[in-house]
Structures are given as structure tokens and as C-alpha cells.
Amino acid sequence: MAGLVVAFAPFPVHPITPQERAFRIEARQFAYSPSELKVNLGDTITLEFVSTDVVHGLYVDGYDISVESDPGQTKTLSFVADKPGSFRFRCNVTCGAMHPFMIGNLSVGQNEWFYRSIGLAIIATLGNIGYLMFSPRPTLITDY
Amino acid sequence: MELTRLPFLKSALKSRYPQLAVFIVMLVGYVFAILAGLIGTPVGSHNFSIVFVWIAWWAILILVAVPFFGRGWCAVCPIPLPGEWLQRGAVLNPPDKKPKWLNLRWPKALRNIWLQNISFLLLALFSSVLLTMPNITAIVLAAMLFAAIGLSTICERRSFCRYLCPVGGFIGLYSQTAPIELRIKDKQVCVTCEGKPCYNGSQAGYGCPWDVFPGGLTKNTYCGLCMECIRTCPHDNIAINLRAFSADLAKPSTRIDEAFKAFIMLGSAMIYAGVLLGPWGALKDAAYNVGTSAWFIYATIFLAIIFAILPGFFWLMISLTSRPSPIRRGVGVRAFASLATTLIPLGLMFWVAFSLSFVLTNASYIIASLSDPLGLGWNLFGTANAAWQPMLTSILAPAQMLALVGGLIWSARTAQKAANEVKVSSVPIVIYCFITTLAMLWLLL
Amino acid sequence: MKRSELLSRIFIMVAVLGAVGAPLFVWARTSLIHAKIAEDGGWNPDVIQANAGEPLHLKLTSDDVVHGFAVGQMDMQSVDVLPGKVSNVTLTFDRPGIYTFFCTRWCGLNHWRMRGTIEVGGSPSDPQSVSVPLYISLNLDIDAPHDSPVVPESKPSAIRGYELAANSPILQSLNYYRANSPYQVFDELSSTSLTESQRWDEVAHLWQSNTTRESLTNGQQLYAQNCAACHGENGAGNGVFADDLAAAGELSMQTMAGTDNMTMQTPVDFTNPTRMLGASPALLQGKILRGGMGTGMPMWGSIFTEEQIWDLIAYLYSFQFNYHRGESQ
Numbered sequence: 001m002a003g004l005v006v007a008f009a010p011f012p013v014h015p016i017t018p019q020e021r022a023f024r025i026e027a028r029q030f031a032y033s034p035s036e037l038k039v040n041l042g043d044t045i046t047l048e049f050v051s052t053d054v055v056h057g058l059y060v061d062g063y064d065i066s067v068e069s070d071p072g073q074t075k076t077l078s079f080v081a082d083k084p085g086s087f088r089f090r091c092n093v094t095c096g097a098m099h100p101f102m103i104g105n106l107s108v109g110q111n112e113w114f115y116r117s118i119g120l121a122i123i124a125t126l127g128n129i130g131y132l133m134f135s136p137r138p139t140l141i142t143d144y
Numbered sequence: 001m002e003l004t005r006l007p008f009l010k011s012a013l014k015s016r017y018p019q020l021a022v023f024i025v026m027l028v029g030y031v032f033a034i035l036a037g038l039i040g041t042p043v044g045s046h047n048f049s050i051v052f053v054w055i056a057w058w059a060i061l062i063l064v065a066v067p068f069f070g071r072g073w074c075a076v077c078p079i080p081l082p083g084e085w086l087q088r089g090a091v092l093n094p095p096d097k098k099p100k101w102l103n104l105r106w107p108k109a110l111r112n113i114w115l116q117n118i119s120f121l122l123l124a125l126f127s128s129v130l131l132t133m134p135n136i137t138a139i140v141l142a143a144m145l146f147a148a149i150g151l152s153t154i155c156e157r158r159s160f161c162r163y164l165c166p167v168g169g170f171i172g173l174y175s176q177t178a179p180i181e182l183r184i185k186d187k188q189v190c191v192t193c194e195g196k197p198c199y200n201g202s203q204a205g206y207g208c209p210w211d212v213f214p215g216g217l218t219k220n221t222y223c224g225l226c227m228e229c230i231r232t233c234p235h236d237n238i239a240i241n242l243r244a245f246s247a248d249l250a251k252p253s254t255r256i257d258e259a260f261k262a263f264i265m266l267g268s269a270m271i272y273a274g275v276l277l278g279p280w281g282a283l284k285d286a287a288y289n290v291g292t293s294a295w296f297i298y299a300t301i302f303l304a305i306i307f308a309i310l311p312g313f314f315w316l317m318i319s320l321t322s323r324p325s326p327i328r329r330g331v332g333v334r335a336f337a338s339l340a341t342t343l344i345p346l347g348l349m350f351w352v353a354f355s356l357s358f359v360l361t362n363a364s365y366i367i368a369s370l371s372d373p374l375g376l377g378w379n380l381f382g383t384a385n386a387a388w389q390p391m392l393t394s395i396l397a398p399a400q401m402l403a404l405v406g407g408l409i410w411s412a413r414t415a416q417k418a419a420n421e422v423k424v425s426s427v428p429i430v431i432y433c434f435i436t437t438l439a440m441l442w443l444l445l
Numbered sequence: 001m002k003r004s005e006l007l008s009r010i011f012i013m014v015a016v017l018g019a020v021g022a023p024l025f026v027w028a029r030t031s032l033i034h035a036k037i038a039e040d041g042g043w044n045p046d047v048i049q050a051n052a053g054e055p056l057h058l059k060l061t062s063d064d065v066v067h068g069f070a071v072g073q074m075d076m077q078s079v080d081v082l083p084g085k086v087s088n089v090t091l092t093f094d095r096p097g098i099y100t101f102f103c104t105r106w107c108g109l110n111h112w113r114m115r116g117t118i119e120v121g122g123s124p125s126d127p128q129s130v131s132v133p134l135y136i137s138l139n140l141d142i143d144a145p146h147d148s149p150v151v152p153e154s155k156p157s158a159i160r161g162y163e164l165a166a167n168s169p170i171l172q173s174l175n176y177y178r179a180n181s182p183y184q185v186f187d188e189l190s191s192t193s194l195t196e197s198q199r200w201d202e203v204a205h206l207w208q209s210n211t212t213r214e215s216l217t218n219g220q221q222l223y224a225q226n227c228a229a230c231h232g233e234n235g236a237g238n239g240v241f242a243d244d245l246a247a248a249g250e251l252s253m254q255t256m257a258g259t260d261n262m263t264m265q266t267p268v269d270f271t272n273p274t275r276m277l278g279a280s281p282a283l284l285q286g287k288i289l290r291g292g293m294g295t296g297m298p299m300w301g302s303i304f305t306e307e308q309i310w311d312l313i314a315y316l317y318s319f320q321f322n323y324h325r326g327e328s329q
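Chains as they are written, first to last, in the numbering used here: chain A, 1 to 144; chain B, 1 to 445; chain C, 1 to 329.
Treat the hints as calculated values from the structure; they're not laboratory data. No experiment lies behind these values; they were computed from the predicted model shown. Accuracy of the hints is not assured; some may be wrong.
[What the hints assert, rightly or not] Here are the computed lysine-lysine pairs in the BS3-like style, where the Cα-Cα straight-line distance is at most 25 Å:
(1) B/Lys185 - B/Lys97
(2) B/Lys14 - C/Lys36
(3) A/Lys38 - A/Lys83
(4) C/Lys2 - C/Lys36
(5) B/Lys219 - B/Lys108
(6) B/Lys196 - B/Lys185
(7) B/Lys10 - B/Lys185
(8) C/Lys59 - B/Lys100
(9) B/Lys98 - C/Lys2
(10) B/Lys219 - B/Lys97
(11) C/Lys2 - B/Lys97
(12) B/Lys100 - B/Lys196
Let the sequences and hints guide you as you build the complete structure.
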């Protein structure tokens, strides 16, 4: 029961006024700088994206939007962060060997899935321990 | 439930032709992957070698084959085939005149999975290069093939598969969680059986290539599901059964090499999640630039996590389990190993969760690679220009959550059984699993 | 041996050999031009043979990052050369000669060195006359320092200059514009009664009247694609490669002012009035054509047409003057 509650209950939302946020992200083989962004739910994000060595892209998981930049030519990507959670952004223009692992992270509001998972993991662990403590089988710590 | 009671299945498994057909497809694919890696485009995402080995094959292996069929991949793997056909002198039934190869017994001191632990770690330390460069993948595939052929001419049976293959090491360990098994039906039949053709071979087939006595099989770990014993048993005493998941873990193994395999898999899943899927560019640079001092530091930390930190922390938790602790009661190593079997379902789920991420992200490359496997501009099936597009991204986070929490629950139950055997409490072990699961959740989600 | 065994063996051999042989055969007969970053060898092959009047079919692929392909001084759209994919280009050359092909998408510090040649044979028709670049016929030493002794206090306005020129006319010919630096024109106006600021405004007007909207747009695009990576998106000499150029070694960033006198340079700051206002369009053309002789400045002679270079130069001066487009830069 507790598991279902944790898994499906809506998240308490702290209403924060959405802001306009601007970030400048530089891309190189094979990382973004900065590689971790944090915004609030509902913020309007403007990314100024520029490559510094070869052509790179920036694709945001979950939002399915992207932008591409040649070195020295800044391109802009604007969107509203209307989905909460933790989203990886990754390069979508083949840029060398480690291209599939060129990844950054966009954190919008609260990372709901992560908290739900922790909740479920805690319930599972406590449930398991509780079962062990209160079951009649001799598995208690003090028995040996 | 005995699956081989279904006549269709039984005859399909006993006949050599269906298996041979699958073998040929796999062997052709394998050899083509080597060719593609060597002469095709050096761009990994557009080369059959990388796309079909590290995305397609890996996805099927870790998401389907291992959890549901245990060593099912070993049943169709092409690596031992050329060597074995040479060794046997035939592709189908045993020939009248068998060729004389050396057929040496594998050395006793190496009859464990330590070599497989090492071979897996070698691949893992070089994984950033292996997963991204087609020529490196091709060389590794070719090396495994030639090693297997070479060993077949020197040693008996499938020595490469049983003692060297990096994949076989962890598939074997994780096959204990699978819901199918190959076992004898009636022990008494084996007791009175003359000649034991399941192990020694007969005119109907060959002795177990995995050096296992089917009559004594109680776990999946070392049975490669090759079906030879089903063909050779004159008493029809061998069956494939459907059973509960992880039934083998009810009698946990006390082998320390297997225990360390569990730590190797657990640790490497976590390290890969951090290095490959995390936002930390410096880690990726260190992992990729093999030979630099950064890489040596990375490799040292990698090995430290696997051989010191994870097992050390586990050891610490066990010593909290009871007074006097099993360590002080003198059954330390075996107790440690049997308790470490707890980590088998956990590690499997860690790998499932990790793999889901990069497979769903990059599976679209498979579609394009089918049409232009070498990156030469072909368009065999018209899909060569299929765009890269991550798939099913909305289900990824919940799927990973289910896998990891499910793995935690599964391991907790396994911990109970293992702890019962050694007569300690499983609570600290469950807490260990909880903490590592939290870490993996944080890394992936 | 039994027939089933024999047939199985044959089947296996055919399948495996076919899987290896067929692709190998097709691969050996495919001629691709491979693009790699300059540090790894650039174009391979980098010399292509062709004949005048015959279409040349090229297949290009990249072995690492995104590249592009175009032929210098030919009116063609550049073609992207993508990693792991093959691009097809068909070219036809009217006249024999040696043409330069080059990479059109920045692929690292040495992107501009990624060039090759197409040797087009055929009987030479009327020899094409080549005009001597202006800086040579003017005998300009384009390596000599050309700082302007005087700079305006604020950005000169071409509109004001236009209004002033109604009463105080100024020579507007193209040749005058090209052969003189803004400072020289400013200096020649000293014989008038205009204030310094007014004189700069008239200079701006002269520059603007030799500039069309189209040339500015063209120039801006050429600048973004070819120059911004080193010289900065806003012309300030702080492009994404500026630091790498310095780090790549002093040798790539030094000029020779005198035989033994090596001095460090960074990519030129086009917003700097001292340097820009002392440079004539002819001098800038020389620099662009010939390159930096020891600095990381590429030579564009075989790549840009003359018109493209004048357009680019027109854009460079727009960092110094407010033109009547209404944008202040």
C-alpha cells in the first residue's frame, strides 16, 4: 500500500514564480561546460550554445529539442521547462569517438522519479527488516 | 514444469539442424562484425561492429537472454564453433574416425573463474575505447575467436568458454537467477547408467563440452545449454524445466571466485553509470585516454572499488551480523562468499537499469546500420538515412526505478536464504544492498 | 562422410565466405574520399584528377567529425561531409587548371589547413589573365605596423558624414576607397575646416558609400563561417580558438618583424580602432589573400573570389563605423 502511495501520489509542488533564465554552454570533445544546470519548474530557459572545437549538438532528453553549433558560431535554444525531473542533455551530432557519452544534466524542479525510487527502496528495506524482526523464524541478531 | 515434455520442443532441441541453422546465422554475423570493424567506417555509431555488438547484441543479452534464459546466449554463441568442429572432426553427428587432437585436461589450478574475472576486467578498463572504436571491437572479437580455436586444438572440450570467456563469466553467475534449468529427471537412473555417455560421448553425440557431469547438475552456473546431453542420454533422463526465478540461489555457492565476480559486476555497473552516463567530462577523458596518468588513476580507482571498497564494506557489514561474527567463528571466507550471492540479483538489475538507458537512447542506430553496415553509402533496406532518435524516453525513468527497486527486493529475499545457511542475520546485508541501490539510483536517475 | 555432413559443411563455408567476400569485394571497388581533421591527415586522397568538361563524381565521407566540402573560387553550395555517411558531389570544370578544395565546417584549430587540389586536365584554351592584387601594385608592405596615430573619440557616423559631404564634398571613387586607409583619408581632410569628429564622419560616409547592403550581409556570413572561430563572433579577437592558438606553441603565433625579431600575436581585434583605421582595404585584402606568414592566419587566395574578399572587408569596417543601416555595432 505504502508503495503504491509513493509510486503514484502527486508530488507536493512548491509554487515558485517562473523566471527567465539564460545560460551560456560551451561544448568540447566530449563534455559541456557547464555540464549541470538547475532551474525551477516553469522557467523559460534560453541556452546560448557554442562549440569550441568541432561541430557539436545539444539534445535534451524528455523535451526532444535540440540545437547545433559550429565552433565560434553561437546558436540559441529557448524553451519552457514545463516537465519536472532530471533530464540528460547529450550531443546529437557525431563529434568523435566518445560522442555517445557526451552528456550533461538539466535538473527541472524536483527529481520526482528519484524521490519516488528512494521512497520505494526505503519501504522495501524497512519492510524486509520488519518482516525479519517480527517473524517467528530464528533469524534475530541476538540469537547467535 | 518440464518444458521438454512438449514434443515439438523436444525434437527441435534433439535434432541438430535447428541449432545448426542458428549457429550459421550467428557465425556469419560474428565474422561480418569483424570485417566491418576492420574495413568499415571508423565512426562507431555507423559501423555494424559497434552497433550490433554493443547495442543490439548487448541489449538482447542483458535484457532478455540472461534474465529469462540464463546461459541461453552460450547455447547459440558462434565463438566455440570453428574450433569445436575441428576438434570433433564433424559439424553434425560424431564421425566414425575421430581426429586426434591433444585434448589436454585444463590445469587444475586454473579450474575456477579467476581468468574470466581478469578477462572481463581487462575489457572493462578499456571499455571506453572498446565501445566506441570499431577496429578495437573487431580485434577483440577476432582474438576471442582465435583463442577459442587455438584452445580447442590443445585442450579438451570448450575450454575457452568454460575458463576464459569474459562474457561467460558473468552469464554463468547470473544464470542462477533464470527461470529455466537443465536437470536430470531421476537420479537413480544415472546411478545405474553404464559409461555415462552424457559426459563421455557416444555415437549419438559428444560428451559435455562444458566439462560438467549432467547427472550432478544442481545449478545453472556452468551448463551452457548446448543440448549434447539430451542427445546422448540413452535413458531420456535429461529435461529442461521451467522453474521459479533464482531457484539456484536457495543453495548459495561458497566459491570466492564467484563472489568476486559478483563484486566485479556490481562495481563496474556503478562505475559505468557514473563515467559513461554522468555529466562529468573529466571522468570520461580519464577513461578514454588510455595510457595517460589520468587513465592510470582511473584504472586504479576502478580496481580499488571492485577489490577493496565494495568487498571491504560488505565484510564490515557481515561482521556486524552477530556475535561472534562468522569471521571470528572461522568460517570467514566461505560465509563471505555465500552471503555475497545476495549481490547476484542486485548486480543483474543494476546492469539492466544501466543498459536500458544507452540502449533506448541509441537503438535507432540499429535501423540505419542494417542498410549501411560499413558506412560506405549503401542502402540495402532503404533505412540508411533513419535519423538518430531516442526511443521510449518517457518510460526510461520508471523502468529503471522498477528494475533497481525490484533488484533490491529480490536481493533482500536472497539475503534471507543465504543468511539462513550461515546462520546469521541478513539485516546488515540488506542495508548494504539498500545503500548501493541508492547510489545507483542517484547515478542513473 | 555422410551426405548431411558434407552438405552442412559446404553450406557453412559458402555462408561465411560469402559474408566476408561479398562486402570485401564491394568495399575494394568503392572509392571514397575520407575526411579527417587536419591533425590526423586531412583529406585522403588530397589530389584528385579530372578533365575539363567532364563531370567529376565524388563520394565523400568523414572518419571523425562533421566536415564540409567546397571548391575554391567556384560558385557552389558547400556539401556537408558527415561521419559514417557518404555524400555525393558532381562537379564540372570549364577550364583546366589546379583547383583547391577545402573543408567548410570548423573541425579544430587547423581546420583551415584541410585542403586538397583537383588537377583538371584538358587543352588550355585562352590563358586566363590574373590581375595583380592591389597591395602589390601599390607596393604596400602588409607586414609593417599600420597603427593609426589618431583615433576618433566615438564611433563615426556615416549619416552625419553624408550630411556634411553636401557642403564639403569628398572623393568617393572605389579606387580611392580601396587604396587608402581611413586615417589617410582623415588626414587628407585636414585641409578643410571640419573638426576631427566631422572628418571621421566623412570618412565613415566614404566607406559606407562603397558598401552595399548585400555586401555587408555576404561579408557577415563569410565572417561567421570562416573568421569568427578565431577572431570572435563580435570581432574582438577572442574567438573560441584564440587561446588554443597561443597554447599551440609560440611558433604558430609569431610574426617576424625583422629577421630575428619574433613577436607574439593574437587574432586581430577588429574592434580596435588603432589597428583598423590605419589599414586600407588593399592592405586587408593582402592579409586575407596571403595569410599570416608565421601567425595562424590562413591564406584565402585560392578559396575566396575577389568579390567575396571585398565583401568581407566591408563587413570588417562595420565594426568601426555606424552605417545607415541603423545598427550600432
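Straight-line alpha-carbon gap B/Lys14 to C/Lys36, limit 25 Å: violated (53 Å)
Satisfaction of hint between B/Lys196 and B/Lys100, Cα-Cα up to 25 Å: holds (22 Å)
Given pair status - B/Lys97, B/Lys219, alpha carbons within 25 Å: violated (35 Å)
Pairwise hint evaluation, B/Lys108 against B/Lys219, where the allowed Cα distance is 25 Å at most: holds (21 Å)
Satisfaction of hint between B/Lys97 and C/Lys2, Cα-Cα up to 25 Å: The hint holds at about 12 Å.
Hint consistency between C/Lys59 and B/Lys100 [alpha-carbon to alpha-carbon, up to 25 Å]: violated (53 Å)
Distance restraint between B/Lys185 and B/Lys97, which requires alpha-carbon spacing of 25 Å or less: violated (33 Å)
Restraint status (C-alpha distance of B/Lys10 to B/Lys185 at most 25 Å): Roughly 14 Å separates the two Cα atoms, so the pair holds.
Pair hint outcome, A/Lys38 versus A/Lys83 [Cα-Cα no greater than 25 Å]: OK: A/Lys38 and A/Lys83 at ~13 Å, within 25 Å.
Pair hint outcome, C/Lys2 versus C/Lys36 [Cα-Cα no greater than 25 Å]: violated (54 Å)
Distance restraint between B/Lys98 and C/Lys2, which requires alpha-carbon spacing of 25 Å or less: With Cα atoms ~14 Å apart, B/Lys98 and C/Lys2 stay inside 25 Å; holds.
Pair hint outcome, B/Lys196 versus B/Lys185 [Cα-Cα no greater than 25 Å]: holds (15 Å)
Hints 1, 2, 4, 8 and 10 from the list above are not met by this structure, while the remaining hints are.
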